[in-house]
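Engineer: As they're listed, the protein sequences go chains A and B. So that you can map any letter, position 156 of the first sequence is 152 in this note's numbering, and since no number is skipped, the others follow by simple counting. So that you can map any letter, position 101 of the second sequence is 97 in this note's numbering, and since no number is skipped, the others follow by simple counting.
Mixed in with the good hints, there may be bad ones.
As the list makes no split between identical chains, a pair holds if one copy fits it or if it spans any two.
Computed cross-link-like contacts, PhoX-like style, restricted to lysine-lysine with a CA-CA straight-line distance of at most 20 Å [stated by the list, open to error]: (1) Lys169 - Lys126; (2) Lys26 - Lys55; (3) Lys12 - Lys55.
Since the hints were derived computationally from the structure, they do not count as laboratory data.
Protein chains: 2
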Amino acid sequence: MNAKAEKSGYHHGNLKSALIAAADAIILEKGIEGFSLREAARRAGVSIGAPAHHFGSAKGLLTEVALLGYGSLGDYLNAVTESDDPARDLRELARAYVAFALAHPGRFRLMFRPDLVDRDDPRYSAASSKALSGFAQAIGRRAGAGEDRMADLFSVWSSIHGMANLILDGKAKYLFDGADPQRFSDEILPGLLERAWPYGKG
Amino acid sequence: MNAKAEKSGYHHGNLKSALIAAADAIILEKGIEGFSLREAARRAGVSIGAPAHHFGSAKGLLTEVALLGYGSLGDYLNAVTESDDPARDLRELARAYVAFALAHPGRFRLMFRPDLVDRDDPRYSAASSKALSGFAQAIGRRAGAGEDRMADLFSVWSSIHGMANLILDGKAKYLFDGADPQRFSDEILPGLLERAWPYGKG
DNA sequence: ACCTCAATCTGAGCACTGTATAGATACCAA
DNA sequence: TTGGTATCTATACAGTGCTCAGATTGAGGT
Chain A
-3 MNAKAEKSGY
7 HHGNLKSALI
17 AAADAIILEK
27 GIEGFSLREA
37 ARRAGVSIGA
47 PAHHFGSAKG
57 LLTEVALLGY
67 GSLGDYLNAV
77 TESDDPARDL
87 RELARAYVAF
97 ALAHPGRFRL
107 MFRPDLVDRD
117 DPRYSAASSK
127 ALSGFAQAIG
137 RRAGAGEDRM
147 ADLFSVWSSI
157 HGMANLILDG
167 KAKYLFDGAD
177 PQRFSDEILP
187 GLLERAWPYG
197 KG
Chain B
-3 MNAKAEKSGY
7 HHGNLKSALI
17 AAADAIILEK
27 GIEGFSLREA
37 ARRAGVSIGA
47 PAHHFGSAKG
57 LLTEVALLGY
67 GSLGDYLNAV
77 TESDDPARDL
87 RELARAYVAF
97 ALAHPGRFRL
107 MFRPDLVDRD
117 DPRYSAASSK
127 ALSGFAQAIG
137 RRAGAGEDRM
147 ADLFSVWSSI
157 HGMANLILDG
167 KAKYLFDGAD
177 PQRFSDEILP
187 GLLERAWPYG
197 KG
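Between the sequences and the hints, there should be enough to build the whole structure, so can you do that?
Structural biologist: The following block contains the structure:
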């Protein structure tokens, strides 16, 4: 009845979003390396060749999932309410960034895999900068804002992104001898932020 | 004649290291995603099933390449001579780290891919900590060394590692609007390091 | 109501991939 | 010389992404 019926026989009716959802689910369950276009098609109850028409290639489908991922990251970051203390905001944003990476490792990894995502898709850079806009604003609002805010943003992003990656890749666990990720982001991370950024102090 | 002959017919004589070299070469040419166990076997002039005996699986072979990678990273970092200014040393080490990542992106990416490398191999953590020992020492030597040096190391490593990853994944190019990597590491990076670390000042 | 047309999906096929296993080969030690 | 064993080959299996001719269907125009 609906214009986007669940499944009406030969024509799926909602294949595109069904495939995106299936891909996202696979990545959630098995990680990026466990993804396959064929299994996404299988889960959507459709033949092997069907996805090609909507996405061109596996990269096309994964690009859509990555866009969802940036949206999801944006949700995490937007949940940080803006205060009159930009340094605090920055710290909370950082925690949210790492929390997202730990909660959605598959999405997070996909979002930064240039071989799996079409970086030339204009929506990609748009989604990326939109998700990070909170960081950019907090940096702009902080006391004694530097002249080169792009460099500041990149510096902050590097620290946070590096932490997230090292934790996900098991390097933190190795350095701190098996501290579990949750305790890590709650207790160790804030201390690291103090250490890593001059801004952390005020 | 040599115990490790070049190629003596049925028995290769030097297959293990030949396969490692072939894999490293493939990764150099086509990146991690371009690697295949079969092509490594082909380049070594050997049948498809031969590598299994030496490495068990593709992961086993890639683990050896990753170990080489850590050795190579160690070479970059060890080329930084120790001075009486730990802050300068730290900065130079950071530049060397990023320089390695840009010069050997395939190796660098492989080294941090838990799905492609056997993290349980004791040589892996050994190679990792050996390569990073320069960082650890510089941090230990700096004036006003903190109580939690592991956290300091992790903080520094995060910043540098994040920068390297963001640059490799094309995020820096996007932020700085197409600055080429060389200019980036020469001009922009030092400024970022100043920003990222309190230690940078002395 | 019909009828064309384009969008959608199927099914088979191609060229790959990693892994497992049975058997051939050749070195090495007794 | 003779086992024995490490090494390597050949083949097969299950899986992958992608392509393309053809079947199917819903929608828009007459």
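Engineer: Next, verify each hint and record whether it holds.
Structural biologist: Now the hints, each set against the structure:
Proximity of Lys169 and Lys126 under a CA criterion of 20 Å is satisfied inter-copy only: 17 Å between copies versus 31 Å inside one chain copy. In the homo-oligomer, the alpha carbons of Lys26 and Lys55 lie at most 20 Å apart both inside one protomer (18 Å) and across protomers (18 Å), since each shortest distance falls under that limit. Taking CA atoms no more than 20 Å apart as the test, Lys12 paired with Lys55 passes inside one copy only; the shortest distance there is 14 Å, against 34 Å between copies.
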